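Protein chains: 4
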Amino acid sequence: MIAINTLQTLFIETRARTETLCKPLEIEDYVVQPCLDVSPPKWHLGHTTWFYEEFILKHHKPNYTLFHEDFAFVFNSYYETIGKRVVRNDRGNLSRPSVAKVYDYIHYVTNELKELLENEVSKEIEHLLLMGIHHEKQHQELLMTDIKYILGNNPLLPKYNDSFVEYPIQKEKQDWITIEEGIYEIGHTNQGFCYDNELGRHKVFLNKFSISNSLVTNGEYINFIEAGGYKDFNFWHADGWEWVKQEKMTQPMYWHKIENDWYYYTLQGLKKVDASAPLCHISYFEAFAYAQWKGHRLPTEFEWEVAQEKFNWGTRWEWTESSYLPYPNYKKAPGAIGEYNGKFMVNQKVLRGGSVVTAEKHTRPTYRNFFQTNLRWQYTGVRLAK
Amino acid sequence: MIAINTLQTLFIETRARTETLCKPLEIEDYVVQPCLDVSPPKWHLGHTTWFYEEFILKHHKPNYTLFHEDFAFVFNSYYETIGKRVVRNDRGNLSRPSVAKVYDYIHYVTNELKELLENEVSKEIEHLLLMGIHHEKQHQELLMTDIKYILGNNPLLPKYNDSFVEYPIQKEKQDWITIEEGIYEIGHTNQGFCYDNELGRHKVFLNKFSISNSLVTNGEYINFIEAGGYKDFNFWHADGWEWVKQEKMTQPMYWHKIENDWYYYTLQGLKKVDASAPLCHISYFEAFAYAQWKGHRLPTEFEWEVAQEKFNWGTRWEWTESSYLPYPNYKKAPGAIGEYNGKFMVNQKVLRGGSVVTAEKHTRPTYRNFFQTNLRWQYTGVRLAK
Amino acid sequence: MIAINTLQTLFIETRARTETLCKPLEIEDYVVQPCLDVSPPKWHLGHTTWFYEEFILKHHKPNYTLFHEDFAFVFNSYYETIGKRVVRNDRGNLSRPSVAKVYDYIHYVTNELKELLENEVSKEIEHLLLMGIHHEKQHQELLMTDIKYILGNNPLLPKYNDSFVEYPIQKEKQDWITIEEGIYEIGHTNQGFCYDNELGRHKVFLNKFSISNSLVTNGEYINFIEAGGYKDFNFWHADGWEWVKQEKMTQPMYWHKIENDWYYYTLQGLKKVDASAPLCHISYFEAFAYAQWKGHRLPTEFEWEVAQEKFNWGTRWEWTESSYLPYPNYKKAPGAIGEYNGKFMVNQKVLRGGSVVTAEKHTRPTYRNFFQTNLRWQYTGVRLAK
Amino acid sequence: MIAINTLQTLFIETRARTETLCKPLEIEDYVVQPCLDVSPPKWHLGHTTWFYEEFILKHHKPNYTLFHEDFAFVFNSYYETIGKRVVRNDRGNLSRPSVAKVYDYIHYVTNELKELLENEVSKEIEHLLLMGIHHEKQHQELLMTDIKYILGNNPLLPKYNDSFVEYPIQKEKQDWITIEEGIYEIGHTNQGFCYDNELGRHKVFLNKFSISNSLVTNGEYINFIEAGGYKDFNFWHADGWEWVKQEKMTQPMYWHKIENDWYYYTLQGLKKVDASAPLCHISYFEAFAYAQWKGHRLPTEFEWEVAQEKFNWGTRWEWTESSYLPYPNYKKAPGAIGEYNGKFMVNQKVLRGGSVVTAEKHTRPTYRNFFQTNLRWQYTGVRLAK
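Residue numbers (the UniProt record's numbering), protein chains in the order written: chain A, 1 to 386; chain B, 1 to 386; chain C, 1 to 386; chain D, 1 to 386.
The set of hints was computed from the structure by calculation and includes no laboratory data. Quantities reported herein were computed from a predicted structural model and do not represent experimental measurements. Check before you lean on any hint, since a few could be wrong.
Pairs involving identical chains hold if they fit within one copy or between any two copies, as the list cannot separate such chains.
Cross-link-like lysine-lysine pairs, in silico, BS3-like; alpha carbons within 25 Å at most [stated by the list, open to error]:
#1 23 <-> 101
#2 248 <-> 231
#3 332 <-> 231
#4 203 <-> 386
#5 386 <-> 137
#6 231 <-> 137
#7 208 <-> 310
#8 331 <-> 294
#9 173 <-> 203
#10 58 <-> 171
#11 331 <-> 208
#12 114 <-> 271
#13 248 <-> 343
#14 272 <-> 208
#15 294 <-> 343
#16 386 <-> 343
This is chain A alone, in the form it adopts within the complex (with noise of 0.2 Å):
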């Protein structure tokens, strides 16, 4: 574990990244719901809040008084333990508590907090605050998504300001790394943070493999779109076709054809696509598709875990063939903390890496994030195997 003193840093550091973040907004954005899959910055603010409060205060500090019994119900999120789940539908609906009330509530928290490990605690208190810690460094990037959705879906395009790079330059030339067939062990050590769904190492067999030292870039891209993609199904699943016939997809989320040229929304505002930039924003049906017409494929989780040290990686989440499974000998924590990752591992799909809106320390070679097929407002990218 590591000391109590970092623990309190890291904690204070966190929490103060998190207002930082939101320093742009005006009161109007933080209480918004655009979209299902898209949370109110507000909501994140008492939500992160309010799992360092349920977690560790309510349980572990003496005499410590709740700061709105209400809070509870407007804040929690998926845990069926933890009494009625709010309907996710209604978060962009509450105008109240209203943003003040909700900075009022993280300073309360936060100061009760502090005041706790003034004094030596037990290690469940300190992996309880860590797991805090890291949930809120996990907000802090949905946060960062869901912002940008909100900004990005708005009329009026405002920008969220003039310095946040999102489309860092890419300085290697594409080549394969190719890695030979073998045994390779798989999972998390267990030295340092990790969530449970990474631990459980494992040995896999893996057939001798390349996979691209880059990831596929917009100018490549826009030569898929250009090609057709977008129209031929026998690059697509059956279900990613039905995705694209509905949805009338055409082009990655926040793309605008303006007379002839391909623009993108950014938390700079509306500006030109880079074509040899990192392609950003793509479901894991167009991954996917995309790969099929290039005569390529997805690497597997195991495969980028494998190789990953071979190449530089962290502006993108990046999309794997592999579905979002546990590792042999997986078990579910018990009781709220247990919701965290088991209960999704089904019909999810696994990424590797990280993004720019990762928070620092946040993400390492084994971490695995997941989404749906269909869902593209994260930071995704792609990279190819082959």
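The hints should help you fit chains B, C and D onto chain A, whose structure is shown.
Relative to chain A, chains B, C and D alone:
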């Protein structure tokens, strides 16, 4: 026509009242749209302002500069004639323009109009301005019903203020007023302001009928509930019964049964239901079912108009049995103004009267309000006939 | 009341006609339900038979044995009073009872009723039998419209037979009939059979109006289409315009544009549209839009009833501007029979007249048919007024 | 390849068996489609016939005349390559072609193929024919599950026949079979017929595991129900729990609780549930929840394939924990044949084994069946692992 200085006063008073109504709101309350029929307060402010800009300033003030070129898109409602319509569902996703910006818009347009009115203006402008003022008064009513919906559906049940009386005492002892058979004249005489749907004053033949001098009370409606009114299809239209079953209806909107007592959310917060106050927030389906159960019926809009001078009215919009149809020789006005009323003349019921949130001098004996048969977030009530 | 031997004859003829109408069908045609509004022919046969069994034999024939105890469940329609309703949507999933079994049911019930009628029967039975016969005549009409829908939506477009004429020649040269202002009497005099919704003969005041001596033709409607009638919201109700956009409406039901010519599916198979024949299979929304475009309007049901003796009618059910509402002093009959009409008196429009598939002697000048505003699989047409 | 006379015999036997399976049906049973996943028996007959016509006769028999030019449209399934697809939902609305006509089609195509096989044919034709035969065998299984659904959802609960045994006795006493850690080979060796999704025989590394020698029984599953298994979210995936709540799931498909006893609909009619027979008609969600409740898990498809020679199987398709994904080096075949398997490799689970309605010699240890996680009209069961 009314004198221009009176008109200017009316304009300024109306604009001021809209701001007064919003005083108790937090910024967050302006933004949300908890259901499709409700519009965010911010939208009402922007829309009523846009109406003056679009129909008066833009065409009748020389060298007028639009406040913002995208606002027409954002704040238009159902006017197909004017550009692309905003999908109604999206109103609650608009965090921008901010509330502060919308108030800037209000003040800009108000000042521009005041400037225009400093000199003599044409009859056409006078007419359009009067139209805009009445349009705003109409939206003041919707603003209040929507604010109630937003606060009354928030899990914290915040109050609007402490003084707003929604359930005034009804002094009349219930009695029947009888009107003799005969030919009566219906509709507006076109002296003073009215909407186009009231014009075409015409004769109707009425049979002898009786109408109640008072509104159905909460207490009477509780009798209906307790007699199993929501469980017996015999009292309902087929469509009404479907609605009861699908929506699992058991009581008026805003009512809560807590232990064994009935409470309702009011603008003053949660209160015990007052049995002697007039019933509110029921749909046409419920009004009809109640009348069936009671062995009576709802009046037609013609019966109501003929009898109305013999009873007190104005706290509830009263459901009638009449479908919303054009009067003989009704002609809709050309262009966008013509979209105001005519295109809704199908599958809606006429309501007569006015309510505790109706703007002063906004209703009159010939006023025809109308809603779909399942809606109940307005201040709707019941007066029986036989 | 009519003499019992006449009644018996009428009963036998009606039953026989139902079988005759089904002659051209394959067994498979009896079973399917291609849309919610259409019932499988087998269901019409079972339902009309069940009506006699339920309301007459079961209660009025001593020692009557039900043909099959589950048939009441299978063949009931919307009678809430009598047991659990079959969800309408399920009618097309019932492969059993087989068609042969349903014909056994028909013959069993017919014979039992004939037996009952061999002796003198009470006035109540006479009334119920007359009700049952008219109920069956009504279903004969629906049977034909549903058969047309089943065949006309089959990709092989099979014909019903070679002789059924749906588009009879209309001899009248279009002209206007004028009716003077005055008080008129409306409704049935209660001499001979009628439905409860026609009773309550009462006075109405009508303004002077004109009504066309002839129906709108296919050719006239083609002019509306070609003038862009389906593309201009100005002619439509707001609900109608939503319907046009959502359902992508561009022409009457059963019409197909093949190369540059208009064709329609008829019971005789696919044919070229006859420009001089009366328009058919349009919704109220379309009827209204056409009238708007033409600068005229639809008649009210009262205007139609007053004027009808001055023109020919009976090939199309004619949409009126009147909503389907109770006449003054309308009382619905107690029990299941009372569900026949009253509970549909909301959000529907009245149609007057009759059609090429209406059973002989089934309609009359006071008959009030009614449908929702978006339906068009009936033989609906348009007569203009001004 | 198998000898041509054997192939011809196999073809004739397979065609004959399809007809035999349909013997107990009424004509009406061939037509209906009570839910989207079920196809009308008539469609299965037409579709398997069309497969031979489209892929063999049309391209490989000189001067072949299509039986009917519209049948390709009517009886195609999901083959995007070949013309416009029939919307699946519509299959149950097709009263025409009649059943008699479909049998004419069957006999015409069978005879044409027999004629073709009288002379020596190319390897390609042999391959396509074998494909067509296995395609038909697969549809024989679906035909039986769809017939069960049609009869088992009819309110009269008609039996299929008296002799079909769906719940055979399972002789084994439950015990665990243990397999050691190691590298194993998975997939088909390409000797004899198999589908493309079984090819690409490859190595996998397996940890030591145990698998049950017997299937979960009805009695064991009743324990799960009575322990509140359907009421405790802890046993379910998040998606599974949503499914339970939305669909109000409380028991396997076809089960009915009558008074205090469990019954199920079988092809022999309604019977009391036999506690010792293997559980059937449960979804993956239920299989997973049962395993969670029991403290065990489902095997992976690799574990199943490695262990299968040590236990009896073949009465139930057995849910595995494996997602349906391509084997390494999987390539889908070009053209329409390539649509058979590859495009479904997302969001489905693998089932291994076979069932009481699987055609003889149609399954094998490497056979990979697959369905969505909520489906249960197939003969699905559960074998536990740990």
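* **Hint check, failures only** => 5, 6, 9, 10, 12 and 14
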